[in-house]
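Chains L, W and A, in that order, give the protein sequences. Per the numbering used here, the first sequence starts with residue 1, numbered consecutively. Per the numbering used here, the second sequence starts with residue 359, numbered consecutively. Per the numbering used here, the third sequence starts with residue 717, numbered consecutively.
Keep in mind that a hint or two might mislead.
[As the list claims (entries may be wrong)] To be clear about the criterion: a stretch of chain L counts as covered by chain W if any three or more of its residues have a C-beta under 8 Å from a C-beta of chain W, and this derived list gives those stretches:
1. 59-68
2. 85-91
[As the list claims (entries may be wrong)] Within a straight-line C-alpha distance of at most 16 Å, the following computed EDC-like cross-link-like pairs (lysine to aspartate or glutamate) qualify:
3. L:Lys95 <-> L:Asp76
4. W:Lys460 <-> W:Asp487
5. L:Lys164 <-> A:Glu774
6. L:Lys39 <-> L:Asp76
7. L:Lys130 <-> L:Asp321
8. A:Lys880 <-> W:Glu416
9. L:Lys178 <-> L:Asp196
10. W:Lys522 <-> L:Glu58
11. A:Lys811 <-> A:Glu744
[As the list claims (entries may be wrong)] Simulated DEER-style distance windows between Cβ atoms:
12. L:Thr310 <-> A:Asn743: 20 to 26 Å
13. A:Ile804 <-> L:Tyr241: 27 to 33 Å
14. L:Ala353 <-> W:Asn385: 42 to 48 Å
15. W:Gln703 <-> L:Asp76: 36 to 42 Å
16. A:Asn743 <-> L:Asp76: 47 to 53 Å
17. A:Glu1040 <-> W:Thr476: 31 to 37 Å
18. W:Pro483 <-> L:Gly274: 49 to 55 Å
19. L:Thr186 <-> W:Leu685: 36 to 42 Å
These are calculated hints, taken from the structure and not from any lab test. Built from N, CA and C at the ideal position, the CB exists for glycine as well.
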Amino acid sequence: MYLRNAWYVATWDHEVKDRVLARRIMNEPIALFRDASGKVCALEDRCCHRGAPLSIGEVVPEGIRCGYHSLTFNGDGVCVNIPGQTQIPESARVKAYPVVVKDEFVWVWMGEAKKADTGLLLDYPYNNDKTNWPHKHAILPVKCNYRLLLDNLLDLSHLGTVHKTTIGGNPVQHATAKMRTWRTPTGVKYIRWMLDSVPPPAFVALGGFKGRIDRWQEFEYVAPATIKQYSGAVDVGNGIYERADRDGYLDIDPRKMGGVHIRLIHSITPETDGTCVYYWTSANGHMTGDPKMCELMFSQAAAAFDEDKTVVEHQQTRLVDFDESRLLDINSDGARLQMFRHLRQLIEAENGAALAAE
Amino acid sequence: MYLRNAWYVATWDHEVKDRVLARRIMNEPIALFRDASGKVCALEDRCCHRGAPLSIGEVVPEGIRCGYHSLTFNGDGVCVNIPGQTQIPESARVKAYPVVVKDEFVWVWMGEAKKADTGLLLDYPYNNDKTNWPHKHAILPVKCNYRLLLDNLLDLSHLGTVHKTTIGGNPVQHATAKMRTWRTPTGVKYIRWMLDSVPPPAFVALGGFKGRIDRWQEFEYVAPATIKQYSGAVDVGNGIYERADRDGYLDIDPRKMGGVHIRLIHSITPETDGTCVYYWTSANGHMTGDPKMCELMFSQAAAAFDEDKTVVEHQQTRLVDFDESRLLDINSDGARLQMFRHLRQLIEAENGAALAAE
Amino acid sequence: MYLRNAWYVATWDHEVKDRVLARRIMNEPIALFRDASGKVCALEDRCCHRGAPLSIGEVVPEGIRCGYHSLTFNGDGVCVNIPGQTQIPESARVKAYPVVVKDEFVWVWMGEAKKADTGLLLDYPYNNDKTNWPHKHAILPVKCNYRLLLDNLLDLSHLGTVHKTTIGGNPVQHATAKMRTWRTPTGVKYIRWMLDSVPPPAFVALGGFKGRIDRWQEFEYVAPATIKQYSGAVDVGNGIYERADRDGYLDIDPRKMGGVHIRLIHSITPETDGTCVYYWTSANGHMTGDPKMCELMFSQAAAAFDEDKTVVEHQQTRLVDFDESRLLDINSDGARLQMFRHLRQLIEAENGAALAAE
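The task is simple: from the sequences and hints, build the whole structure.
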């Protein structure tokens, strides 16, 4: 069960060069390419003639030329050339997916093309601000249903366990973090404070802390599959928690206090029912003039996400065997459950609308 | 859906030595061996005692001895020895498949043994004529349904795309080749002329052409799964096309004009629904006294067939996901469609006969 | 179809150290660990919170701590800690399997816990007698249904074929061995004599025989999945066969006659329907003071069991394709068929009882 009328990340803008890229989203094979005008296009990755994948073809001025019999399709999926044939039938076409490149993401609309709504595109301006938020992108294939990674990000009580030697910290500090969660029009948001806590190894490396820290994590889930993360830590004693507003949301720029300041975006694209691709960016807001700090931030995050990958891939094997029966929600599942309800309502609304339209 | 009452290639005669060979044809495991008299035999590759594959056994003077409990079966599938037992029950036998060795092929009959008809065996005398047609055999396992390789050979418009750096040539020349296709009692035949065309790299290497060529390809599909190919090219200006008969079939020996002269036979044996084995021979009719020319011809063909393998294995992945729905036939599909109709009629006739016999 | 109310070997006692061991028995994932008191415990290998395998967690003083969100379960499967939560709901638990460590085996009860009956545990005192029976344990994963390995051990007529270069001997001698088979309350037993026979290579290496031997194999199948083996051989001419009792069972200690004297236990634990784990011990009763003899015995047995593994894995592929239809029993199948009937009766009785209880 997927939300179909929505944008999903297909890749990063800079990945689409002069060759066709093969992707699979929600079980559908998609061929991505950049046309002669520079526009990124997404076609069904299956020639309408004999079914060969278009992704083994070539990018040509007119579009993609199939690697089997050289039929050529433009970015709208219309066949514009069949060798040895002057008449091209109307039905010679493949499905074209609406594509928008924004904030360095290549977003693909997986529902009905006529419903594609650019108003639903997420804003993430930090990918366009290399001065204040130098950043780096990653693509991590993970062998689990995409929801397991979303779940992972909506319940940070795993940090002290899964990431204890990297970005974690004390499990009890994580479990007893002050946390506020609230619904937003597009999803769920929470902010989590770990006051007067011991900095985990990655934070010591990044922020050079000598003593205890006040640490926060602001996470916003935006349906169907993206999470924005603004995290940071400063030396204890700066009164940062008291200066945050009543929803726990920071209205000041804490970077002025030194410490660690991070912006991440996580977008999890369902590939098949049992696999997904984790697209993430880490941006460093601390010592922004030093490229080594951006690299350090990225490598610390990458190490942590590899730890998550190991756990969720193991978790997936059990969910395949036993589904979610006999599972039990605990206190730390609050935000995760709100996310799930939000997404389920959207899917139900979509299916209800689809039923009503029949 | 396979045609069962038909001969399929199981291997080359010279492959059957002193050990049991394991094959799978149309999902049936088959053990091939050469008996004490030198006859090639084919048995169901499963002992009737505990189901072990006979192919892990040994060839003994009496037949195959099972590698588990030493039951021995002769070439008719009859159990001739059970250690520790003097009485051998009538039911101690495994299925034996009719086998004929002809023209260096080992042909196996996959239908009812009593219907095995040697009159249906294909003739390919070139495998017996090493002086005029020095040749070499290959076995290429391919991960696709066998029909995709037959399709590949019945629509040569892919040559300019898939084989552009080997045996191909200009895609437009291929798409606009003069082509005549006609049904035969056993399948479909076509001849294709590419007059005044640029020789592809493999042809320059083989024929030593300095300028443009007249090139032809004569292909004959013989049901269920074999294709004979007689191809060649000579320097332009010899008037070879005008000297060919009205069906385009050559009644002269073009080898007297120099150039490139090839005989190939392609036989595609279904292994499972998603895999097949491609048996092919290339024979060289040009500079036949020089063994290097035969090797060169073989290696050029092998390179091209590896290119085909890559494409059809990709194509197979899409057909598994989506079958052949929403596909569109184009002009170059003529011969392929005639082949398909011929084979479908044979299968329907066989199934109709089977139903009527019940 | 498995017998559920029975003990199966999960591993060897010494394998359970300070980490969680993952096993799968009859398709159920099981986490084994040694608790703070030294007791071996077996839990369902799936956290009741989000389904992560407990086997990726850690052994802690209270039990296993899940590697995802740090829930902790004691050896009874009861959750004793949820970080950040003081109330632990009654339903926070995972299934615990009854475990008994006996004779160096870790036995797990796969049926209803309340029916776990230690009276059904097999006795194998030789694992506790390192002086008279120095021994060594092995764990061999095999890709077949567990019954194929049991079958293998109940029909030794395969020795002359599968093991001809190791522990085998002449196939005809094997097939014509004097054999008595009888039912026992817990299974089937047979003793097999090969009088005046040529020693196989492994026996020459172990026993230093110069001439022919009298050889015997006493095998006892104990349901559901264990076989005890007492085998040996002495120089011909000692009249050992005449000194054995009327059931062929030895009432004397033949070790006094020199030669080869072996005790093995084979326990085959079903993992999935198509895989199993073969736990075996070989004990050497000849030249017991020389550790090299124990090693030699073990390596000879290991070589033979690798040969069995190859054969039964091939056999499995055919049984997957064709099940057991069209198979034929022969004389040497007597003990195997009695074993199968015994096991089938137990399974039917269990299912009948289960139906009656509904």
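Practice task
Examine the segment 85-91 of chain L for residues whose CB is less than 8 Å from any CB of chain W, and state whether their number is three or more.
Solution key: n = 3 at 8 Å, threshold three: holds.
Problem - Hint consistency between Lys164 of chain L and Glu774 of chain A [alpha-carbon to alpha-carbon, up to 16 Å] - result: 13 Å, holds
Handout entry: Within 8 Å of chain W's CB atoms, at least three CB atoms from the segment 59-68 of chain L: coverage verdict
Key = holds (count 4)
Practice task
Could you see if the CB distance from Ile804 of chain A to Tyr241 of chain L stays within 27 to 33 Å?
Solution key: 30 Å, holds
Practice task
With 20 to 26 Å as the target window, see if Thr310 of chain L and Asn743 of chain A comply at their CB atoms.
Solution key: 23 Å, holds
Exercise for the section: Take a quick look at whether Lys178 of chain L and Asp196 of chain L sit within 16 Å of each other, Cα to Cα. Expected result: 12 Å, holds
Practice task
Take the C-alpha atoms of Lys811 of chain A and Glu744 of chain A, compute the straight-line distance between them, and say whether it is at most 16 Å.
Solution key: Roughly 11 Å between the alpha carbons, so the hint for Lys811 of chain A and Glu744 of chain A holds.
Exercise for the section: State, for the Cβ atoms of Pro483 of chain W and Gly274 of chain L, whether the hinted interval 49 to 55 Å holds or is violated. Expected result: About 54 Å separates the Cβ atoms of Pro483 of chain W and Gly274 of chain L, which means 49 to 55 Å holds.
Problem - 16 Å Cα cutoff - pair Lys460 of chain W, Asp487 of chain W - result: 13 Å, holds
Exercise for the section: Would you mind confirming whether the straight-line C-alpha gap from Lys95 of chain L to Asp76 of chain L stays at or under 16 Å? Expected result: Distance of about 8 Å is within 16 Å: holds.
Problem - Status of the given 36 to 42 Å range, CB of Leu685 of chain W versus CB of Thr186 of chain L - result: 40 Å, holds
Problem - Assessment of proposed distance window 31 to 37 Å (beta carbons of Glu1040 of chain A, Thr476 of chain W) - result: Holds - the Cβ-Cβ distance for Glu1040 of chain A and Thr476 of chain W, about 36 Å, lies within 31 to 37 Å.
Of the numbered hints listed earlier, the single one contradicted by the structure is hint 7.
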